[in-house]
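Chain A is fixed; fit chain B onto it per the hints.
Protein chains: 2
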Amino acid sequence: MANFASIVVTGANRGLGLEFIKQFVSSSPPPKTLIATCRNPSEATALQEIAKSANNVHVLKLDVADYASFDNFVKEVGNVVGDDGLSLLVNNAGIMRGNKLDDVDPKNMIENFEVNVVSPLMLTKALLPLLQRSAQNKNKTVVANITSKMGSIDDNTSGGCYPYRTSKTALNQVSKSLSIDLKPMGILVGIIHPGWVLTDMGGPNALINSETSVSNMINTISNLDANTSGKFLNYDGKPIPW
Amino acid sequence: MANFASIVVTGANRGLGLEFIKQFVSSSPPPKTLIATCRNPSEATALQEIAKSANNVHVLKLDVADYASFDNFVKEVGNVVGDDGLSLLVNNAGIMRGNKLDDVDPKNMIENFEVNVVSPLMLTKALLPLLQRSAQNKNKTVVANITSKMGSIDDNTSGGCYPYRTSKTALNQVSKSLSIDLKPMGILVGIIHPGWVLTDMGGPNALINSETSVSNMINTISNLDANTSGKFLNYDGKPIPW
Numbered sequence: 001m002a003n004f005a006s007i008v009v010t011g012a013n014r015g016l017g018l019e020f021i022k023q024f025v026s027s028s029p030p031p032k033t034l035i036a037t038c039r040n041p042s043e044a045t046a047l048q049e050i051a052k053s054a055n056n057v058h059v060l061k062l063d064v065a066d067y068a069s070f071d072n073f074v075k076e077v078g079n080v081v082g083d084d085g086l087s088l089l090v091n092n093a094g095i096m097r098g099n100k101l102d103d104v105d106p107k108n109m110i111e112n113f114e115v116n117v118v119s120p121l122m123l124t125k126a127l128l129p130l131l132q133r134s135a136q137n138k139n140k141t142v143v144a145n146i147t148s149k150m151g152s153i154d155d156n157t158s159g160g161c162y163p164y165r166t167s168k169t170a171l172n173q174v175s176k177s178l179s180i181d182l183k184p185m186g187i188l189v190g191i192i193h194p195g196w197v198l199t200d201m202g203g204p205n206a207l208i209n210s211e212t213s214v215s216n217m218i219n220t221i222s223n224l225d226a227n228t229s230g231k232f233l234n235y236d237g238k239p240i241p242w
Numbered sequence: 001m002a003n004f005a006s007i008v009v010t011g012a013n014r015g016l017g018l019e020f021i022k023q024f025v026s027s028s029p030p031p032k033t034l035i036a037t038c039r040n041p042s043e044a045t046a047l048q049e050i051a052k053s054a055n056n057v058h059v060l061k062l063d064v065a066d067y068a069s070f071d072n073f074v075k076e077v078g079n080v081v082g083d084d085g086l087s088l089l090v091n092n093a094g095i096m097r098g099n100k101l102d103d104v105d106p107k108n109m110i111e112n113f114e115v116n117v118v119s120p121l122m123l124t125k126a127l128l129p130l131l132q133r134s135a136q137n138k139n140k141t142v143v144a145n146i147t148s149k150m151g152s153i154d155d156n157t158s159g160g161c162y163p164y165r166t167s168k169t170a171l172n173q174v175s176k177s178l179s180i181d182l183k184p185m186g187i188l189v190g191i192i193h194p195g196w197v198l199t200d201m202g203g204p205n206a207l208i209n210s211e212t213s214v215s216n217m218i219n220t221i222s223n224l225d226a227n228t229s230g231k232f233l234n235y236d237g238k239p240i241p242w
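Read top to bottom, the protein sequences are chains A and B. The first sequence: position 57 = 57 (this note's numbering), numbered continuously. The second sequence: position 85 = 85 (this note's numbering), numbered continuously.
Please note that the accuracy of each hint is not assured.
Since the list gives no way to pick one copy over another, a pair counts as held whenever it fits inside one copy or between any two copies.
Claimed, not checked - Below, a list of computed lysine-lysine pairs in the BS3-like style, where the Cα atoms sit at most 25 Å apart:
1. K149 with K32
2. K231 with K61
3. K75 with K100
4. K140 with K238
5. K231 with K149
6. K100 with K183
7. K100 with K125
8. K107 with K75
9. K107 with K140
10. K231 with K100
11. K61 with K125
12. K125 with K52
13. K149 with K107
The set of hints was computed from the structure by calculation and includes no laboratory data.
Just chain A, same shape as in the assembly (with noise of 0.2 Å):
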């Protein structure tokens, strides 16, 4: 299925996060290298358990909105990774602002922003040194960034959910972004909807099982080439309208 040497989940403690390092694990073959973020690896249990069981696991402690630790997060998985670089980068870790016109604030909006758009901006500049190390080694080489369909424009025909929706949708034009500028250096750039999943973040209405959607995006990451890059997939691999 997957066939990257070394990747780099993150918040990956639950949900999305931690089924995308579950089938990582078992994968064939598995990666050289896995490394698992999140806010506190000490209370990240069912990580730590893969963890122990798996040496090609690292959990790395990484929270996505302090840009001033990505320095040091960046040298620690070049320690990691070494001279194979970073093949895979899945930004995963985001949270969720549903607010409506009546109680949308400037802090709601703005926290919003700065985990779901800023901080996979960020994050993936500063580990781009070790991205371009994988794609001058030519090793299929990928940012995954997770997004929503509640960022689709076009698919909005119920309103709210200010925070969320526009910064998914500032995600998807960073990312359509990001897919020209990284072209140059043979970085794919995937923009991927998990669909409505069974997570604290989808609720108990949702469609389908974090299994399922994962076991799909792994798919559709692997499967990304240059006319899929940049575009905004369901985790299936099917187009969806910005």
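Below, chain B without anything else, positioned relative to chain A:
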């Protein structure tokens, strides 16, 4: 051409904002009240000249990034427009941070998001009681958000320009949600690209002048209806893909 009883234009001291004021002042019939806002009224020489010779023009101080001042601003506008309410809000004030990947940072991303996205959203929300008063009087009532084709993800073929592009893309999504949420109140939302205009922001290589841009935009705003509210429109009313 335009037929709005009471109008607020933000960022009206220069460029497109000033041109909006000039053209609204000389429209037939002229609006009963035309409120031009800017950060420093005492330095807005051209605007003060217009206000001196037209007693329907009111220059009010407004820093669109100073959300805490909005309550007071709404009171001032309410005193000027009275029972008419506000029939047209032109969210024109904006900034451009055109940073590429090598110098984009959290500061320029968030600055551009605050002024170009959070400000028009919060100002619209603050002015909603006055806009509703106009709509309840059965008058055409419009929020016109001045966006940019640079915010079109579909049209992004050159990458870069992270802060500005994402801010305008996010503004488009905010505007789409507003168009849905304000529809039951009878308020229309315009999402309008001014063209590439010869202003300080547009630079010397622009394609059209302010007069052409604004006369077309006023026409497009005046013609806005239930079908074009919430659509991304060129200054001349032609549709633009998201």
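Hints that the structure is at odds with (numbers, increasing): Per hint list: 1, 2, 9 and 12 violated.
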